[in-house]
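Protein chains in written order, with the working numbering: chain A, 1 to 224; chain B, 1001 to 1253.
Honestly, the hints are just simulated from the structure, not real lab data.
Note that this is a predicted model, so its numbers are computed, not measured.
Even glycine gets a Cβ: it sits at the ideal position worked out from N, Cα and C.
Ranges between beta-carbon positions, derived for each pair:
no.: 1; chain 1: A; residue 1: 164; chain 2: B; residue 2: 1123; range: 43 to 51 Å
no.: 2; chain 1: A; residue 1: 15; chain 2: B; residue 2: 1212; range: 39 to 47 Å
no.: 3; chain 1: A; residue 1: 20; chain 2: B; residue 2: 1036; range: 43 to 51 Å
no.: 4; chain 1: B; residue 1: 1020; chain 2: A; residue 2: 114; range: 54 to 62 Å
no.: 5; chain 1: B; residue 1: 1123; chain 2: A; residue 2: 117; range: 39 to 47 Å
no.: 6; chain 1: B; residue 1: 1073; chain 2: A; residue 2: 22; range: 42 to 50 Å
no.: 7; chain 1: B; residue 1: 1142; chain 2: A; residue 2: 172; range: 43 to 51 Å
no.: 8; chain 1: A; residue 1: 4; chain 2: B; residue 2: 1226; range: 42 to 50 Å
no.: 9; chain 1: B; residue 1: 1020; chain 2: A; residue 2: 12; range: 37 to 45 Å
no.: 10; chain 1: B; residue 1: 1020; chain 2: A; residue 2: 172; range: 39 to 47 Å
no.: 11; chain 1: B; residue 1: 1025; chain 2: A; residue 2: 217; range: 19 to 27 Å
no.: 12; chain 1: B; residue 1: 1088; chain 2: A; residue 2: 27; range: 42 to 50 Å
Interface residues of chain B toward chain A, partial, derived using beta-carbon atoms under 10 Å:
no.: 13; residue: 1087
no.: 14; residue: 1105
no.: 15; residue: 1114
no.: 16; residue: 1115
no.: 17; residue: 1118
no.: 18; residue: 1119
Letter by letter, the chains look like this.
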Amino acid sequence: MSLVRSTTTILAKELRTEFRSRELLGTTVVFVLIVIVLFSFTFNPTSSESRHFGPGLLWLAFLFAGSLMLQPSFLREQTNDTLAALRLAPIDPFSILAGKMAANFLFLLLVELILLPVFAVLYNIAILPVLAPLVLILALGTIGLATTGTVFSAVAAQARLRELLLPLLLLPVLAPVLIASTEATAGILRDPSELSLVWLTFLTSFDVVFLTAAWLFGEYLLEE
Amino acid sequence: MATPHASSPNGGSNGGLRINFSGIEKRYGMRMALRGVSLEIGAGECVALVGHNGSGKTTLLKITALLARPSRGQLTFFSGSTALSAAAVKHRIGMVAHHTLVYDELTAAENLVFFAKLFDLPDPVARARQSLEPVGLARRADDLVRTFSRGMRQRLAIARALLASPQLLLFDEPAAGLDPEGQQWLGATLASLHAAGCTIVMSTHGRNETQASVTRAIRLEGGEVTHDSGANGDPYGVLAMAAVRETAEGDAR
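Start from the sequences and build out the full structure, keeping to the hints where you can.
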């Protein structure tokens, strides 16, 4: 079976199970909304302050969303050892990772798109004029989040202290993505707005490197 | 409940795989799970693996299913006299493990359609529906698996394992969770698959209906083969000895 077909089959399964229960999406959306609202009360930001602090707070909220959403990605497969069922199938092992990465990317992007208008209102930031570059930065940053998060979720799921391990592994690795995404977002929210090609290239390179590593070592990551 | 047979969509296909284990060792950290296991399992044999918990039965099944790599040694599969690649073998293996290997959040039919797609089977929806018939779950096809009893889940697990008409079936304590009627059905299913020529390797505890088709019994102890009835020997001697030991150990506890 081709990589694309097996990946889309696994992606469809992930979407079906999540949208049926809506456990993860519901919890994460509520959690990050609370975070963003609480931050806005703490700072009571003006428009210029928001341009300064906002991107960092926004990506911090996305990081919280990622930490919540990525953990169960492989933990769910442990309930009935369904990961073994996936590994028994005659498919490229990378398609298991790729299907989950794609699902996590879509879930995170959905949370971000729900969060964005709330952020714009609470922090007095006009996002409509910079929507296209903002979506580009969100997409690149979220690919980085979803890719690394899914890979480390696969690693952590087989460890004893799995609930603790994922954030411990993930935060140092994600620091470059968060810095680049925050800087790129700050650039487009600045007056005058500027889309930094340096940070975009950095984000793209990070995504390519991690995707390639996941493709090369996917089989070993999923082994017991 | 009917039993799957060779010509049915979920029956084992004709002609089983031959397996050669050569000096298989498996180490988990400092613990040796398997110590130099060398065996030849012929096509169409129905082999029972017996032994205590931790004797290496599940590890040997996982290595056979290509779910774990041996730390040392070689495992080769043959169809007729042709050695098969790992990719070719995966199309021909079905496994029923300790866990059910199915998703609780999906319906019985959705589970089988999903796995039929991963195995690239033609018309996965029809295949899934047909596969639920012999395991007696056709009427519950659209119910979520989380609403199923343990026995029903086990029957769905068996339907999933038989979905791609495997030539090699691996069962890890297949009777676990089945009531006497379920065990009887499983025994008949195994007999039918064995008659169709499918190679069957199963780990088993105690005496139950699933052992009726066994043609060979292998006892593992501490990761080593200690008794093997051989392809033409009497498996029931080894099975009886294992049952007696289990009973004695149970009484001692």
